[in-house]
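A.B. asks: Make the full structure from the sequences, and use the hints.
Now for the letters of each chain:
2 protein chains.
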Amino acid sequence: MSSPRILDFECHDIRFPTSDDLDGSDAMHQDPDYSAAYVILRTDQDGLEGHGLTFTIGRGNDIVRDACALLASMCVGQSLHEITDDFAAFWRRLTSDSQLRWLGPEKGVLHLATAAVVNAVWDLWAKHENKPLWKLVCDLEPEELLQTIDWRYLSDAITKDEALEILRANKATMQERERALLERGYPAYTTSAGWLGYDDEKIRRLCLEGIAEGWTHFKIKVGADLEDDKRRCRVVRETIGNERTLMVDANQRWDVGEAIAWMRELAEFRPLWIEEPTSPDDALGHAAIAKSLAPLGIGVATGEQCQNRVIFKQLLQAGAISFCQIDSCRLGGPNEILAVLLLAKKFGVPVCPHAGGVGLCEYVNHLVFIDALYVAGETEGRVAEYVDHLHEHFIDPCVVSDAHYMAPTAPGYSITMKRESLDAYRYPDGAIWRRRVERD
Amino acid sequence: MSSPRILDFECHDIRFPTSDDLDGSDAMHQDPDYSAAYVILRTDQDGLEGHGLTFTIGRGNDIVRDACALLASMCVGQSLHEITDDFAAFWRRLTSDSQLRWLGPEKGVLHLATAAVVNAVWDLWAKHENKPLWKLVCDLEPEELLQTIDWRYLSDAITKDEALEILRANKATMQERERALLERGYPAYTTSAGWLGYDDEKIRRLCLEGIAEGWTHFKIKVGADLEDDKRRCRVVRETIGNERTLMVDANQRWDVGEAIAWMRELAEFRPLWIEEPTSPDDALGHAAIAKSLAPLGIGVATGEQCQNRVIFKQLLQAGAISFCQIDSCRLGGPNEILAVLLLAKKFGVPVCPHAGGVGLCEYVNHLVFIDALYVAGETEGRVAEYVDHLHEHFIDPCVVSDAHYMAPTAPGYSITMKRESLDAYRYPDGAIWRRRVERD
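Chains A and B are the protein sequences, given in the same order.
Counting along the first sequence from 1, when you hit position 103 you're at 103 in the working numbering, and nothing is skipped either side.
Counting along the second sequence from 1, when you hit position 240 you're at 240 in the working numbering, and nothing is skipped either side.
To be clear, the hints were calculated from the coordinates, so they are not data collected in a lab.
Mixed in with the good hints there might be a few duds.
Straight-line Cα separation of at most 30 Å, DSBU-like style, residue types lysine-lysine; simulated pairs [unchecked claim]:
# : chain 1 : residue 1 : chain 2 : residue 2
1 : A       : K291      : B       : K160
2 : B       : K346      : A       : K291
3 : B       : K291      : A       : K346
Quick caveat, the model's predicted, so the values are computed rather than measured.
C.D. replies: This is how it looks when you write it as structure tokens:
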């Protein structure tokens, strides 16, 4: 089987009008239209393509798509093996282009676009190997896995040798753990009940439905109004009872002191964590909040808008987080995510990935199995986000059963969208959007 | 004089082919084409426009221009006073748009674009008031100045009351300090001699020319090769003598441990500071480097790629920097720069702005006078970067005399480019670029 060569690419601006129902609304993002900058890498092998997307929430998705095109053009002409034989070098070419890096470096629009393109390369690799991505990664030797990672800026927190030791230990026991994990799945939690735009009755109903489906962890949005938050936390706690778990999420709304004061008021509802209490850039701020809330039994969680491994490194070094919430589209693909999983393992912090949006659950489904089998080596104290939105647009959507993610079985990274969805939701010329423009 | 209303805007992708001569080359940016995403806000008052730019180094400048257009469209229909009467609210609308913020927040492409648009608004305001920008700001009452700043995420480091106290004290003594400062100018240093692409003979010649022009501080690029760095540091130190000052700049090339080891090797040349030793996102890494290098008398400087006030806040809280290098296009305009100047004052760290590129010296010329007169209240231990490139394209270029920036006198923010420069360097259709395409 010869190595496929990347011949050309497509980049699309795909948007779903989710703001119609306030799905996904929170204290900072009142009206998200879940969107994807979508990349297809086409090869010289019949029917073999790599698909990747990065998630945004609407306006500006075209800018990310254009950035994807700049980066995807760097792949054209390369064979898959030229890339994967020194994947870290390829990753650094994308993230450290001598002119483009000024626009980041490794953050914001450029890094979101890096995720889409790098995810597409991994999807191509996994499809070519005829394996689901998690299995491709778990089948790599420890040294092979490590050579996908750009180690720049990490050595003060973790060395390659330490990472190698972690991976070797887990590789040795992987097989015996794999069977049980595949059978039970990876524990998940639901955010579907708690969007800020929902009224109490809807929250109560969704919690009851969640309990009936087997969910044990429920997350709700807070941060806009304290009395409102107390009422909503009470509704949830009363509905889910004391034996189930509540988490709350402020989406960066607060200053440091404000976060501490606000959470003292919500402590009576015993949330497991406060998520994104303040700026995602503020490692020291999160550390101050963590220190103040630890005596109340409330952990700090963040990560969905943490731009790169350097921020995660500092959050971990500073003892700022009890839960590490990687995002599959904000970090620059599995290469960088693996680095953060290793950092979290080194510092003993459980990884509880952010998901939802569009496609994030599909990605995360692979990442949690990689973490459980190869890096963390366990699922204890871990729970991955799940939101039941927009899965119908994917050819191999994630499967969640009894509140657990089940291991993907189809080759690739599970992110290939149906062609009819790409066509219908393309902005602004797909049928869904054309119809809206005519209606307005 | 009624308040002008913003009617529409232009956004341009302007690029200068500076990579031809390796001007601006360093260990991470080998071939910059100094570029500007350029914004013109047009008003209903005859001939009155606000001009602003953000600086990039080439590829991707079109993406930043498109982001500028998204943000500039939010200004259309507003009167200048509607904006400036609650400037912080306007700033937050730009930086916290409920969908666009996902692409940052407050970092990378979106925040660079924020700078261009916000700078254009300030230019418009200063032109309307018929004052150079520094004078407009210095004429504001302390309370008026503070209401331009978005205080979110700052209160754990500085309160509004503390800021008010700083400004009131300086306001009281401003007049007596202003005369002397205007006469002497603000101290500057030159980077023109030390780009990584220059050979020893060119460095020596440029240092000698610099000495003849009155320069006392010389900065060179390091970080690509240790032996090469030693040789080049020796050339500079031998040429400028012991009575003048050398600074070195690694442009983020190193890991934390590597930075410490490398700088121990260069300590014999007694650099005042090591600039950008590692990732601009790594406050804790800079703090570790600062701690190790302090006994050698070497300070740590960073800032030109620090994305926002939250990163500067942490650098200052962690004791990570001895010199705070704000960038006039990376931070979101004077509103956010004022916040960082106040933070630096609170923590007792001198601000030594980054400049060079295209237009940065023009902006910085205003910012240093604001700092010296209103925030720091002094110039002691401060020195602002100056590079003698591309000033000929501006209608009111900065004036540097005897190694000092002289106070701008023309109304506005000094960033208005000549129309013929905009036309000639517009990418890819301006005459300069069309000619290249034909030649290639």
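A.B. asks: All hints, please: hold or fail.
C.D. replies: Structure-based check of all given hints:
1. A/K291 x B/K160: holds (25 Å)
2. B/K346 x A/K291: Holds. B/K346 to A/K291 sits at ~24 Å (cutoff 30 Å).
3. B/K291 x A/K346: Measuring from Cα to Cα gives roughly 24 Å; hence the hint holds.
The structure is consistent with each of the numbered hints, conforming to all of them.
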